[in-house]
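Position 325 of the sequence shown, counting from 1, maps to 325 under UniProt numbering, and the rest follow consecutively.
Just so you know, the hints here were simulated from the structure itself, not pulled from any lab data. Worth double-checking, as some hints may not be accurate.
Quick list of in silico lysine-lysine cross-link-like pairs, DSSO-like style, CA-CA up to 30 Å [stated by the list, open to error]:
1) Lys295 / Lys257
2) Lys234 / Lys97
3) Lys97 / Lys80
4) Lys224 / Lys293
5) Lys234 / Lys257
6) Lys120 / Lys21
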Amino acid sequence: MTNLQTLTLFVLDTTSKDSAKVNELRGLNNLKGRLEIKGLESLRHCPTEAKHINLMGKPHLHWLQLNWNEPIVDDVNDLKKDDVILRDIVLHSNNIKTLLISGFGGVTMSLVNISTNLDKLGVYNCERLQYLELTPLHVKHISMFILRSLEWIVNDNNNGDNSSTFCASLTEIVLFELPNLKGWCRCSEEEMSKGCCHQFKSLEELRIQFCYNLISIPQHIDIKKIYLSSVTAKILQQAVTHSNVESLTINKILNFKSLSGVLQHLTRVCELSIWNCEEFDPCNDEDGCYSMKWKELTNLKVLTFERIPKMKYLPEGLQHITTLQTLRIKKCVNLTSIPEWATSLQVLDIKDCPKCSIDMI
Numbered sequence: 001m002t003n004l005q006t007l008t009l010f011v012l013d014t015t016s017k018d019s020a021k022v023n024e025l026r027g028l029n030n031l032k033g034r035l036e037i038k039g040l041e042s043l044r045h046c047p048t049e050a051k052h053i054n055l056m057g058k059p060h061l062h063w064l065q066l067n068w069n070e071p072i073v074d075d076v077n078d079l080k081k082d083d084v085i086l087r088d089i090v091l092h093s094n095n096i097k098t099l100l101i102s103g104f105g106g107v108t109m110s111l112v113n114i115s116t117n118l119d120k121l122g123v124y125n126c127e128r129l130q131y132l133e134l135t136p137l138h139v140k141h142i143s144m145f146i147l148r149s150l151e152w153i154v155n156d157n158n159n160g161d162n163s164s165t166f167c168a169s170l171t172e173i174v175l176f177e178l179p180n181l182k183g184w185c186r187c188s189e190e191e192m193s194k195g196c197c198h199q200f201k202s203l204e205e206l207r208i209q210f211c212y213n214l215i216s217i218p219q220h221i222d223i224k225k226i227y228l229s230s231v232t233a234k235i236l237q238q239a240v241t242h243s244n245v246e247s248l249t250i251n252k253i254l255n256f257k258s259l260s261g262v263l264q265h266l267t268r269v270c271e272l273s274i275w276n277c278e279e280f281d282p283c284n285d286e287d288g289c290y291s292m293k294w295k296e297l298t299n300l301k302v303l304t305f306e307r308i309p310k311m312k313y314l315p316e317g318l319q320h321i322t323t324l325q326t327l328r329i330k331k332c333v334n335l336t337s338i339p340e341w342a343t344s345l346q347v348l349d350i351k352d353c354p355k356c357s358i359d360m361i
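With the hints as constraints, model all of the structure from the sequences given.
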């Protein structure tokens, strides 16, 4: 067995005499590629046994997923046991490039001892997690799913330089269902009013979904792709301001009525999609010229509207965008007409708009 090179799944279970034991991993130092370990909750009776996994002795292992299948429900003292398990597993794991953590039961997750070679980090389904210590890392990709207690991602006011370094290395961020998340970092009130005290200098893609209480995000000048769903209009404003975004998707934005104040930041956008925004009206002309301001999207090639119930007609400014090639409109139940200029586009796709059809043009 010591010559085994491929072991994609290892399941721990202390309830059965015939199940795998953690010390069986100690000598498997020829493992290559990927390894997923399930059942880490079975080590809570003796957390230090986690060191037997011996990642330091497995230099060819580059992808690791750690799963706790059962939450901690009884003993308060158990809250720190998952910290010990995680620490002893990742200690001296210089070879790991991708680390995925699911079901961790602690309140604080510290990855200060992990190798700076880590490229991708994913943290999922950690119900109690409130604090993350990530600042020594230089990861490029980070994803966080279903962390219901997390308020801040970077939570160390006394380590600003390291926090800034951590932020500067990121190229992709995915945040999904973090209902209590307030911001990236715990900034002062003055810094918070400006957005955030850090910057994403290398960020290319940002996806945020179901983060209803998010109030600030760092600046990201060179970002190329943004997807926002179930966040506030304030976050939309912060996301596009001073950015060079080329692809923008807006879905279920709270209190979102128009793109006024946003359009001027979208001059490099090539693809724009707006979905499921009940209050949004692309022709909301409160300032008298909003409908024409759409012509400021001078690089727009693909435009999609879907489930926009207040849209009755298209903004006048769209006809002046010479780069526009594709227009898709779906399930806009109150759309009544399509202007003749739209028929000259390379692609005009209208579906499930009962008051309007291509035949009416």
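Right, here's what the structure says about each hint:
no. : hint            : verdict
1   : Lys295 / Lys257 : holds (19 Å)
2   : Lys234 / Lys97  : violated (35 Å)
3   : Lys97 / Lys80   : holds (26 Å)
4   : Lys224 / Lys293 : holds (22 Å)
5   : Lys234 / Lys257 : holds (12 Å)
6   : Lys120 / Lys21  : holds (28 Å)
Against the hints set out earlier in the document, a violation occurs for number 2 only.
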